[in-house]
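Dock chain P against chain Z, hints included.
Protein chains: 2
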Amino acid sequence: MMQLYPVGVVKQWNEKADYPGNTMQIHIHDEFSAGLKGVENCEHLWILFWMHKLSEEDREKLQVHPRGDVTKEKRGVFALRSPMRPNPIGLTRVRLIKRDRNILIVEGLDAFDESPVIDIKPG
Amino acid sequence: MMQLYPVGVVKQWNEKADYPGNTMQIHIHDEFSAGLKGVENCEHLWILFWMHKLSEEDREKLQVHPRGDVTKEKRGVFALRSPMRPNPIGLTRVRLIKRDRNILIVEGLDAFDESPVIDIKPG
Chain Z
1 MMQLYPVGVV KQWNEKADYP GNTMQIHIHD EFSAGLKGVE NCEHLWILFW
51 MHKLSEEDRE KLQVHPRGDV TKEKRGVFAL RSPMRPNPIG LTRVRLIKRD
101 RNILIVEGLD AFDESPVIDI KPG
Chain P
1 MMQLYPVGVV KQWNEKADYP GNTMQIHIHD EFSAGLKGVE NCEHLWILFW
51 MHKLSEEDRE KLQVHPRGDV TKEKRGVFAL RSPMRPNPIG LTRVRLIKRD
101 RNILIVEGLD AFDESPVIDI KPG
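For the record, the sequence lines run as chains Z and P.
In terms of this note's numbering, the first sequence opens at residue 1 and continues consecutively.
In terms of this note's numbering, the second sequence opens at residue 1 and continues consecutively.
Read the hints as simulated data drawn from the structure, not as lab findings.
Errors might be hidden in some of the hints.
Capping the alpha-carbon separation at 30 angstroms, the derived lysine-lysine pairs in BS3-like fashion look like this [claimed, not checked]:
| # | chain 1 | residue 1 | chain 2 | residue 2 |
| --- | --- | --- | --- | --- |
| 1 | P | 37 | P | 74 |
| 2 | Z | 98 | P | 37 |
| 3 | Z | 74 | P | 74 |
| 4 | Z | 11 | P | 72 |
| 5 | P | 61 | Z | 37 |
| 6 | Z | 72 | P | 37 |
| 7 | Z | 74 | Z | 53 |
| 8 | Z | 53 | P | 37 |
| 9 | Z | 72 | Z | 11 |
| 10 | P | 72 | P | 61 |
| 11 | P | 11 | Z | 61 |
| 12 | Z | 37 | P | 53 |
| 13 | P | 53 | Z | 98 |
| 14 | P | 53 | P | 74 |
Simulated restraints on C-beta separations [to be verified]:
| # | chain 1 | residue 1 | chain 2 | residue 2 | range |
| --- | --- | --- | --- | --- | --- |
| 15 | P | 11 | Z | 66 | 24 to 32 angstroms |
| 16 | Z | 44 | P | 61 | 21 to 29 angstroms |
| 17 | P | 22 | Z | 101 | 39 to 47 angstroms |
Predicted, not measured: the structure shown is a model, and the values here were computed from it.
We treat Cβ as the ideally placed atom computed from N, Cα and C, and that holds for glycine.
Only chain Z is shown next, with the shape it has when bound in the complex (with noise of 0.2 angstroms):
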């Protein structure tokens, strides 16, 4: 049995923000926060997040056009970047703007508003 835990979950920006283009950020929950110290040391992170936008009938499906692009043949979901696959892990490395108390800064996340977050590591 292998039950995920959120850990955190991203935030996007409201309106007027400080740190604009691509940044985003990380709300690590209260309880986990104790995990980040240290964390504001590291310059790059690798950010494991739940695509929970993903219904259960995109998890089964095993091959799709690379990019949507129906012109390409189908690949597997293994060889490719697709969001669809059974463990709708999204893995992505950023660079850690700033940390404020439990809150990342970072740049380059390809997640969504709400998506949650289940791993940092240093990277």
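For chain P alone, coordinates are given in the frame of chain Z:
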């Protein structure tokens, strides 16, 4: 509810092997083998696996000594590559040596024999 399904399993070599050194096998379960189509064209792969030797107590540790060295101050698990973490997902970039039907022979995988494989992404 974030529930993972094993798509395969890591296998160490038995005794005499044609592929010695730092290689291991990944056996993809039959029902997911369609997802491998085209994977043979990937030189490197990211392997996500479940660190199945960890206990539920290990998942509760949020700060540990780096590399178990007690002379070093404890740091948060999100700032370390320690296997102790709330969601024990291992992440390794490997070189694909060979695909033989639903078996991948890979170099550099930092997993144990029988670790469940969760996802494979081109890398």
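Tested hints:
1. 37/P with 74/P: violated, 44 angstroms
2. 98/Z with 37/P: Violated, because 40 angstroms separates the two Cα atoms, which is more than 30 angstroms.
3. 74/Z with 74/P: violated, 47 angstroms
4. 11/Z with 72/P: violated, 34 angstroms
5. 61/P with 37/Z: Status holds; Cα separation ~13 angstroms.
6. 72/Z with 37/P: holds, 13 angstroms
7. 74/Z with 53/Z: holds, 22 angstroms
8. 53/Z with 37/P: holds, 25 angstroms
9. 72/Z with 11/Z: Judged against 30 angstroms, a Cα distance of about 34 angstroms means the pair is violated.
10. 72/P with 61/P: Measuring from Cα to Cα gives roughly 17 angstroms; hence the hint holds.
11. 11/P with 61/Z: Within the cut-off at roughly 26 angstroms; holds.
12. 37/Z with 53/P: Status holds; Cα separation ~25 angstroms.
13. 53/P with 98/Z: violated, 34 angstroms
14. 53/P with 74/P: Given that 30 angstroms is the threshold and the Cα spacing comes to 22 angstroms, the pair holds.
15. 11/P with 66/Z: 24 to 32 angstroms: holds, 30 angstroms
16. 44/Z with 61/P: 21 to 29 angstroms: Holds, at about 24 angstroms.
17. 22/P with 101/Z: 39 to 47 angstroms: holds, 41 angstroms
Hints 1, 2, 3, 4, 9, 13 from the list above are not met by this structure, while the remaining hints are.
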